[in-house]
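Enquirer: Respectively, the protein sequence lines represent chains A and B. For the record, in the first sequence the residue sitting at position 118 is 117 according to numbering that gives the first Met the number 0, with numbers rising by one throughout. For the record, in the second sequence the residue sitting at position 93 is 92 according to numbering that gives the first Met the number 0, with numbers rising by one throughout.
Since the hints were derived computationally from the structure, they do not count as laboratory data. Values in this document were obtained by computation on a predicted structure and should not be read as measured data. Careful: at least some of the hints might be erroneous.
Covered stretches of chain B, as calculated for chain A (at least 3 residues, CB under 8 angstroms) [as the list claims (entries may be wrong)]:
id: 1; segment: 33–46
id: 2; segment: 54–61
id: 3; segment: 88–97
Glycine residues also receive a C-beta, built at the ideal position from the N, C-alpha and C atoms.
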Amino acid sequence: MAQHIVSPEVHEHHTQEQESLKTAGFWLFLISDVILFGTLFATYVVLVGHTNGGPTGKELFEIQGFVISTFILLTSSFTSGLAVLQMHAKNLKGLIFWLVVTILLGGAFLFIEIEEFLTLIHEGANIGTSAFLSAFFVLVGTHGIHVTLGIFWCIGLIIQLRKHGITTVTKRKITNFGLYWHFLDVIWIFLLSVVYLMGVM
Amino acid sequence: MSQHSADNHSHDHGHGHHEEEAHGSIKSYTMGFILSLILTVIPMVIVFNDLMGRTGTLAVILITAVAQLFVQMWFFMHIRDEKGPRYNLMALSLGILLVITIIAGSVWIMSFNSYTQ
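This is chain A alone, in the form it adopts within the complex (with noise of 0.2 angstroms):
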């Protein structure tokens, strides 16, 4: 009988275990994430060209809404990895404050996107105007809606954290939550390379 009670150490290290396995579950679900925007990409390499008589990329684009963006997502990559860094060294103010100018960020990042969008369509290049204004709201349409999740985890997560504290599920949360943001910034690169500064070359 004596066997089947779990000291407080092995179930804890049990739970990290668990934990860990969970991780490495969110890693094969980013990897899918992986393929997923992979073949929005090359529908949109090869739906570019057509743009039906309508508007280029290089006629619609502008320079300083997705430069803007871009150091927005990119600073708020590093405020999540400093999020971490708090978590780790047990700090939940430090860990929230973080967390919140991440949010605020991926918020001003995704208010300039959804202006362009509105933007691109009251000039009339909508969703329906070409291949490639298809491919291209899709393909940016889908990080977009990526990162709104994020937000909306990321404010789940503080709520989370506000009432149980740095544990090791929280923990294990937070970490997933930094991995999803890390790769979302690294989908925003090459859309960057791929969509805008080829698209005004």
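Position chain B relative to chain A; hints supplied.
Expert: Chain B in isolation, oriented as in the chain A frame:
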């Protein structure tokens, strides 16, 4: 009390060193951030000022993007730190292989469509 805090400190120090290996430090994050800023500014400057020909510009854009991918994975996502079998690295390699196949294959096969090119 002071004895206790000294012990605590030495423990934290040992622990901190371990953490640094597993989760990065403020130094490694700052270095990653500065590197990714530089790698972002290089292609922007070249594209906006028309500093290079078409092929050269394309090459710089792609090389700096891939370099930035490695910077973020190394300094931010700590891909090297997994203990034991590196399942995340293996799965990631497979994912990147699939993505390259999808993109290169799509572009290649569509280039045979005379209407496209």
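Enquirer: Would you mind marking each hint as holding or not holding in the structure?
Expert: Hints versus structure:
1. 33–46: holds (count 6)
2. 54–61: Since three or more residues must qualify, the claim that chain A covers the segment 54–61 of chain B holds, with 4 doing so at under 8 angstroms.
3. 88–97: holds (count 6)
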